[in-house]
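Asks: Residues per chain, in single letters:
2 protein chains.
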Amino acid sequence: MMKIFTYQPFYYQKSALKFLVFLLIFNGCKSVQKQLQGNSSEIVNHQEDFMYQYSIIDALMAGVFDGDLNMAQLKKKGDFGIGTFNRVDGELLMDQGHVYRVSYDGSVKEVPDSDSTSAAFVKFFKADTIIHLKGNLTYEAVQEQLTEILNPNGIYALRISGNFATMNTRAERPAKPPYTTLPAHLKVNQTVFNLTNTTGICDGFLLPPYLARTNVPGFHLHYLANDKKAGGHIFTFTTSSVTVEVDIAKGFTIENNTNAEFHNVNLKPDRGAELRKIE
Amino acid sequence: MMKIFTYQPFYYQKSALKFLVFLLIFNGCKSVQKQLQGNSSEIVNHQEDFMYQYSIIDALMAGVFDGDLNMAQLKKKGDFGIGTFNRVDGELLMDQGHVYRVSYDGSVKEVPDSDSTSAAFVKFFKADTIIHLKGNLTYEAVQEQLTEILNPNGIYALRISGNFATMNTRAERPAKPPYTTLPAHLKVNQTVFNLTNTTGICDGFLLPPYLARTNVPGFHLHYLANDKKAGGHIFTFTTSSVTVEVDIAKGFTIENNTNAEFHNVNLKPDRGAELRKIE
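Residue numbers (the numbering used here), protein chains in the order written: chain A, 1 to 279; chain B, 1 to 279.
Treat the hints as calculated values from the structure; they're not laboratory data. Possibly wrong hints are sitting among the right ones.
Because identical chains cannot be distinguished in the list, a pair is counted as satisfied if it fits within a single copy or across any two copies.
To be verified - With a cut-off of at most 20 Å between alpha-carbon atoms, the simulated SDA-like pairs for lysine to any residue come out as follows:
(1) Lys228 to Asp95
(2) Lys268 to Val216
(3) Lys76 to Asn197
(4) Lys75 to Glu48
(5) Lys109 to Lys228
(6) Lys250 to Phe50
(7) Lys268 to Gly251
(8) Lys268 to Ala184
(9) Lys76 to Glu48
(10) Lys76 to Phe50
(11) Lys268 to Thr147
(12) Lys229 to Gln190
(13) Lys268 to Asn151
(14) Lys76 to Lys250
(15) Lys277 to Val216
(16) Lys268 to Pro152
(17) Lys268 to Pro209
(18) Lys126 to Ile149
(19) Lys250 to Phe235
Chain A on its own, in the form it takes in the complex (with noise of 0.2 Å):
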């Protein structure tokens, strides 16, 4: 059972809160939460709505760049996604099974089904809510709209989608070995796109706490233009409308990188502060 409401946080931000307060009474105050848990017996996938990822973004981090699973394989785990690839060459997004490369230089190609991945996390993307924003929201606005209405414990993917007045994102450059840590990496290696006026979707997860070091806790999106002409990492947006594709996943696997860097990098340090610089 799928549910759509409408959340005007801005302009009837009282209304608003009315509204989900009488959603939740009306449901018996659990089926809001209930429903956006998913319902298992409807998702039928041989991931059993699991989010899967390859590798954990601590080694990422302290700098395994490259990873033995390519897009063939990645596919096999979900429809739907963020990464990057080996070398971080670029950034990584997933829609409908189709997987799409943010260039440092801007732009942006669908990925062979050979290349292959250091950090990637991704889900068979079914949403369970459609939540619409209206207002005048920045990616700060949403965040905080989504966090009010979504459990804090709870492992979702999240596509969002609209017009934006601004999108500011990054794509970092292919590093060369040997590596440096991501953070230096993309010190002198990143570029920032401000786009204007671009209408197209936000893909990512919102995880729980308990998930540092293994993954982005809080929210984390890639953005790709409708036109395919623009996209990456997203530091912050601007909009009137969004629309909000939720599916909340009922676990999570992590599958280990096989890389031999992997197996030699300290994963020892709490890289949380860090990990919160550069995203």
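Fit chain B to the known structure of chain A by using the hints.
Replies: Frame of chain A; chain B shown alone:
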């Protein structure tokens, strides 16, 4: 391909190290590590050699003592592992597909399929490597020796068997709602068992630091005497000889607890320091 080698860290420490070094060189420097990763083509089961866990350690720490996964369902995820039951009613040990409960009164009983767990960590166990350790060994010494051999970023299931001169374990009394935290519960509801001259198995996991918050980083083992008359969560032991079966996992699946309390609990605090106090 399974490798068996004997490691005598105390009596023959230098020669044992030489033997290990020889093995590493003889096999081309990486083969012991590669072989410890398991050979996926040889391991055929429907979980693809992944570890599975129901709920996360931080939720259990915070007092989410009930879950919705019963033993029949858990046995579909693995035939080996550890955990607890609803109401934290004793220590769970699964071995060769049988689930045992070690109760606070020290008794051990096989558990009916209808009983449920609030947190359990399991795998289909198939040893990739067998290591024999001999000497005047404590639990800490066994941990040190295994830490030297195994990769710090790997996910390992361990089955340690032998005769133990001493074995120090615990099991806990079931909680009554409203629940407190796990440390507060254990403080007054934990029985410690000081076993002597006992023969049995220590089943559990060695996990990497990035799984903090979701599970117990480092070693986490439960004990079951061969006569099924004693066991529990292991604090310490002493032995002169153990056989360590090592099964390296390709990855890790976390299934979120669907109990309502999981959605209400605050999972933001890092409970690592509290966890180390009760391990």
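Asks: Please work out whether the CA atoms of Lys250 and Phe235 approach to 20 Å or closer within one copy, between two copies, in both situations, or in neither?
Replies: neither (28 Å within a copy, 33 Å between copies)
Asks: Checking an output row: Lys268 and Asn151, CA cutoff 20 Å. Within, between, both or neither?
Replies: between (29 Å within a copy, 13 Å between copies)
Asks: For the identical chains here, do Lys126 and Ile149 meet the 20 Å Cα criterion within one copy, between copies, both, or neither?
Replies: within (18 Å within a copy, 43 Å between copies)
Asks: Have a look at Lys268 and Ala184 and pick one of within, between, both or neither, based on CA distance no larger than 20 Å.
Replies: within (19 Å within a copy, 28 Å between copies)
Asks: If the cut is 20 Å between Cα atoms, do Lys228 and Asp95 qualify within a copy, between copies, both or neither?
Replies: Classified as within; 12 Å inside a copy, 53 Å across copies.
Asks: Given identical chains, is Lys268 near Pro152, meaning Cα to Cα at most 20 Å, within a copy, between copies, both, or neither?
Replies: between (26 Å within a copy, 9 Å between copies)
Asks: Quick one: Lys76 to Asn197, C-alpha cut-off 20 Å, is that within a copy, between copies, both, or neither?
Replies: Answer is neither: 34 Å inside a copy and 51 Å across each miss the 20 Å cutoff.
Asks: Are the CA atoms of Lys229 and Gln190 at most 20 Å apart within a copy, between copies, both, or neither?
Replies: For Lys229 and Gln190, only the intra-copy Cα distance (18 Å) is at most 20 Å; the inter-copy one is 62 Å.
Asks: Have a look at Lys250 and Phe50 and pick one of within, between, both or neither, based on CA distance no larger than 20 Å.
Replies: Close inside one copy (5 Å) and across copies (17 Å); limit 20 Å.
Asks: One pair to classify: Lys75 and Glu48, alpha carbons no more than 20 Å apart. Within, between, both, or neither?
Replies: Both: 15 Å inside a chain and 17 Å across chains, each within 20 Å.
Asks: Please work out whether the CA atoms of Lys277 and Val216 approach to 20 Å or closer within one copy, between two copies, in both situations, or in neither?
Replies: Only inside one copy: Lys277 and Val216 sit 12 Å apart there, 28 Å across copies, limit 20 Å.
Asks: I want to check one pair: Lys76 and Glu48. Are their C-alpha atoms no more than 20 Å apart within a copy, between two copies, both, or neither?
Replies: both (13 Å within a copy, 14 Å between copies)
Checked against the numbered hints listed earlier, the structure breaks hints 3, 19; every other hint is satisfied.
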